[in-house]
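Protein sequences appear in the order of chains A and B. Counting in the working numbering, the first sequence runs from 13 upward without gaps. Counting in the working numbering, the second sequence runs from 5 upward without gaps.
The set of hints was computed from the structure by calculation and includes no laboratory data. Don't take each hint at face value.
Selected chain A positions facing chain B (in silico; Cβ < 10 Å) [said to hold, decoys possible]:
| hint | residue |
| --- | --- |
| 1 | 19 |
| 2 | 32 |
| 3 | 58 |
| 4 | 117 |
Every beta carbon over 10 Å from chain A, so not counted as near; a handful from chain B, in silico [as the list claims (entries may be wrong)]:
| hint | residue |
| --- | --- |
| 5 | 10 |
| 6 | 15 |
| 7 | 33 |
| 8 | 35 |
| 9 | 45 |
| 10 | 46 |
| 11 | 62 |
| 12 | 77 |
| 13 | 83 |
| 14 | 86 |
| 15 | 98 |
| 16 | 115 |
Examples of chain A residues toward chain B, derived with CB under 8 Å [stated by the list, open to error]:
| hint | residue |
| --- | --- |
| 17 | 34 |
| 18 | 37 |
| 19 | 55 |
| 20 | 56 |
| 21 | 63 |
| 22 | 70 |
| 23 | 73 |
| 24 | 81 |
| 25 | 94 |
| 26 | 102 |
| 27 | 114 |
| 28 | 118 |
| 29 | 119 |
Backbone N, C-alpha and C define an ideal beta-carbon position, used for all residues, glycine too.
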Amino acid sequence: AQSVAQPEDQVNVAEGNPLTVKCTYSVSGNPYLFWYVQYPNRGLQFLLKYITGDNLVKGSYGFEAEFNKSQTSFHLKKPSALVSDSALYFCAVRGSFTGRRALTFGSGTRLQVQP
Amino acid sequence: ETGVTQSPTHLIKTRGQQVTLRCSSQSGHNTVSWYQQALGQGPQFIFQYYREEENGRGNFPPRFSGLQFPNYSSELNVNALELDDSALYLCASSLGDRGLNTEAFFGQGTRLTVV
């Protein structure tokens, strides 16, 4: 079985400061990892993904994520937060051995960026 | 915008009724997945269709069923609605031929309320 944990329900950060949203995963085989963002009353918007290769993945809107195989983590980061980054963030995983294309999502982390 | 459209955007149904939700996938995408997102939770996988065949199903009862049409659009049908079926239903499309590392693109969702 595959699973994702997002240990923080909410992350608060001041505008201009760096932000980190944490994610750890459990999966059979090689992990394919994704970050999505959800704004109020909207669907999920793709930010970035890790397949293989460089452990630091760059995505949309200045976001990046760091893959750490030994810690089974895939934390989302941004060097300088904007108020407009305030939203709900989801980490998701697929495993290469599961035979399923379904994404397994974490419970989400609400990011609040204060002006 | 992702190019994935869902209809209707909101729906109110009575317990015991049946509902059909619709999804038009992004142009060129042959795989459609459906997810249920209850309030305050991450999306949960319902099922997936690839080239008109169901090729994966999550832990949902048989009263959740679906279809995919030759143009790759899709329907989600739920029979005998229960109060716990109240949720945001998300449709996601992707190009299944490219494997498990392909990101999915989500529609804006259908908010279903069962009273």
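Hint check results:
no.: 1; hint: 19; verdict: violated (13 Å)
no.: 2; hint: 32; verdict: violated (19 Å)
no.: 3; hint: 58; verdict: holds (5 Å)
no.: 4; hint: 117; verdict: holds (4 Å)
no.: 5; hint: 10; verdict: violated (8 Å)
no.: 6; hint: 15; verdict: holds (14 Å)
no.: 7; hint: 33; verdict: holds (13 Å)
no.: 8; hint: 35; verdict: violated (7 Å)
no.: 9; hint: 45; verdict: violated (6 Å)
no.: 10; hint: 46; verdict: violated (4 Å)
no.: 11; hint: 62; verdict: violated (6 Å)
no.: 12; hint: 77; verdict: holds (16 Å)
no.: 13; hint: 83; verdict: holds (22 Å)
no.: 14; hint: 86; verdict: holds (22 Å)
no.: 15; hint: 98; verdict: violated (8 Å)
no.: 16; hint: 115; verdict: violated (8 Å)
no.: 17; hint: 34; verdict: violated (15 Å)
no.: 18; hint: 37; verdict: violated (13 Å)
no.: 19; hint: 55; verdict: holds (4 Å)
no.: 20; hint: 56; verdict: holds (4 Å)
no.: 21; hint: 63; verdict: holds (4 Å)
no.: 22; hint: 70; verdict: violated (14 Å)
no.: 23; hint: 73; verdict: violated (15 Å)
no.: 24; hint: 81; verdict: violated (16 Å)
no.: 25; hint: 94; verdict: violated (21 Å)
no.: 26; hint: 102; verdict: holds (6 Å)
no.: 27; hint: 114; verdict: holds (4 Å)
no.: 28; hint: 118; verdict: holds (5 Å)
no.: 29; hint: 119; verdict: holds (5 Å)
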